[in-house]
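S.K.: Residues per chain, in single letters:
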Amino acid sequence: MSASLSLNGVGLTYPTRTGLIQALQGIDLQIEAGEFVAVLGPSGCGKSTLLKLAAGLLPATEGELRLANERITRPSRRAGVVFQKPNLLPWKTVLDNVLLPATTLKLPTAPARQRAQDLLELVGLSGFAGNYPYELSGGMQQRVGIARMLLPDPDLLLMDEPFAALDALSREALTLELQRIWSTQKKSVLFITHSIPEAVFLADRILVMSPRPGRIIEDYRPGLPRPRTLETLNDADFTAACHHLRRHFTHAQAT
Amino acid sequence: MLKRLDITAFLYPLISLAVLVLVWHVSIEIFTIPDYLLPPPASVFSALYHGLISGELWPHIATTLEETLSGYAIGCGLAVFMGALLAESRTFERFFYPLLIGLQAMPKVALGPIILVWFGFGMASKVVLVALVCFFPLFVNTVNGIKRTDPELLDACRAFSASRLYLLLHVKLPAASGEIFSGLQIGVSLALIGAVVGEFLSAQQGLGYLIASASVSMSLATMFSGVLLLAAIGLTGSLIMRAIHRRVVFWEARSEKAGR
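Just so you know, the sequences run in chain order A and B.
Heads up: the first sequence runs through residues 24 to 278, numbered per this note's numbering.
Heads up: the second sequence runs through residues 11 to 270, numbered per this note's numbering.
Okay, chain A solo, but in the shape it has when bound (with noise of 0.2 Å):
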């Protein structure tokens, strides 16, 4: 079972050393259940402090969040987060750093142990279990973050720029992945990302963020059919969508 997250007039404002800083502001927005959403912005515009409202890692200083209509006041097991670093702790081997949240959640031992092996093997890392994260590849450290984030079986994933530090080719083979991987298993997923071509393929729905105090611009969806191969990148429709988003960071710098 999928939830569905909405924010209603969602903003942050902190206290700087000169003064108010508006990061976020008016923000509003649904993702219905099973609705892969990615928020596309310029570096500075907030996306990630929406993210971290979303996982409940920070109070918002206006407006309501809410999961599945609980309203959201810190970390919930239905929400799964990964960042742009994998943050894996390397005292721990990859599977214990699957089972991170099995141990914070408190959830039944045994069973969580089948379900580490079993995401290993959907993330194509079973053969690492015993490994440390520092004998492993970036794109694969990511990988078991992806795997951790859908160990408490979450509705929600959360996800912060997930590529942005990987190679090319990895991130392309990851981007890949997580369409197979959300595809099996039907989740909401909120896809922060600065890179459109990225955006794009993985997405339903995008939504542009405007340069800091950030508000979304423009709710887009680009309606590619599913499942988007290779071939999509090529396609004349993925091209005019990429083409269509582009023209919000025409003026400002989108990297």
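Treat the hints loosely; a few may be bogus.
[Stated by the list, open to error] DSS-like cross-link-like pairs, simulated, lysine-lysine; straight-line CA separation at most 30 Å: (1) A:LYS75 - A:LYS115; (2) A:LYS209 - A:LYS129; (3) A:LYS129 - A:LYS75; (4) A:LYS115 - A:LYS129; (5) A:LYS129 - B:LYS157; (6) A:LYS209 - A:LYS75; (7) B:LYS157 - A:LYS75; (8) A:LYS115 - B:LYS157; (9) A:LYS108 - A:LYS75; (10) B:LYS157 - A:LYS209; (11) A:LYS108 - A:LYS209; (12) A:LYS129 - A:LYS108.
Calculated directly from the structure, the hints in this document are not laboratory data.
For chain A, the structure is supplied; the task is to place chain B on it using the hints.
M.R.: Using the frame of chain A, we list chain B on its own:
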């Protein structure tokens, strides 16, 4: 390949040590330095050898070791505990951190005579002095290590509802373990200083006492053998600590090698 590297790592300093001993020996011959100022290496080594064979030196070694080890264990244990407490509690930090930093700036051995008055002339006062001396660097390292834990790593664990205790025990302390171990490493040599200073002030036994009492009779060979034994203990202690460091914080060196 690695084995050969290890051998040269020991061999080269041994060669320079041998050269130093040779210079020592030759300069006594050339400049005719009298025995009561600088004994030749041979008489130092024979004093050391006979002291060890006859068993005269062992009680001194044992006493110093006992004081050093118990003081080290107490001081280091307290340092990690207090460091974790301070890094976790804002209130505790506000009340105590400035005081502790002030104390750190003070040379702890200056407290030696006072500690002697409070804890007597026996072993207890030396243990307290050792604990006090090795407490501070480790304490500061523990606080800094914990505070420098990658905030994003903590957020990633918090996102899975990790409790504060879990974050401290399974994330912050392991993340700080590199700095904790360098504090433990510094503590080894400081602990010996504490023990020797304590014994200089007043003692019936121990290597510091041996050196101090030999100075009364101008027996430099005995004094030198005491110093050499202290050096050997310090070196062994820090080698052991380094080996434990490598084993416990195994990911540190390898992560660096992997270029992260």
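S.K.: Hint by hint, note whether the structure agrees.
M.R.: How the hints compare with the structure:
Of the supplied pair hints, the one linking A:LYS75 and A:LYS115 holds, its CA atoms being roughly 25 Å apart against a limit of 30 Å. In summary, the hint linking A:LYS209 to A:LYS129 is supported, as the alpha carbons are separated by about 25 Å, within the 30 Å threshold. About 23 Å separates the Cα atoms of A:LYS129 and A:LYS75, which keeps this hinted pair within 30 Å; it holds. Between A:LYS115 and A:LYS129 the CA atoms are separated by roughly 18 Å; this keeps the pair inside 30 Å, and the hint holds.
With a CA separation close to 27 Å, the supplied pair A:LYS129 and B:LYS157 stays within the 30 Å bound. Under the criterion of a C-alpha separation no larger than 30 Å, the hint pairing A:LYS209 with A:LYS75 is consistent with the structure, at around 22 Å. For the hint linking B:LYS157 to A:LYS75, the alpha-carbon distance of about 21 Å falls within 30 Å, and the restraint holds. Taking the CA atoms of A:LYS115 and B:LYS157, the gap is near 21 Å; set against the 30 Å cutoff, the hint holds.
Under the criterion of a C-alpha separation no larger than 30 Å, the hint pairing A:LYS108 with A:LYS75 is consistent with the structure, at around 15 Å. Between B:LYS157 and A:LYS209 the CA atoms are separated by roughly 39 Å; this puts the pair beyond 30 Å, and the hint is violated. Between A:LYS108 and A:LYS209 the CA atoms are separated by roughly 24 Å; this keeps the pair inside 30 Å, and the hint holds. The straight-line distance between the Cα atoms of A:LYS129 and A:LYS108 is roughly 25 Å, inside the 30 Å bound, and the hint therefore holds.
Going through the hint list in order, the structure does not satisfy hint 10, though it satisfies all others.
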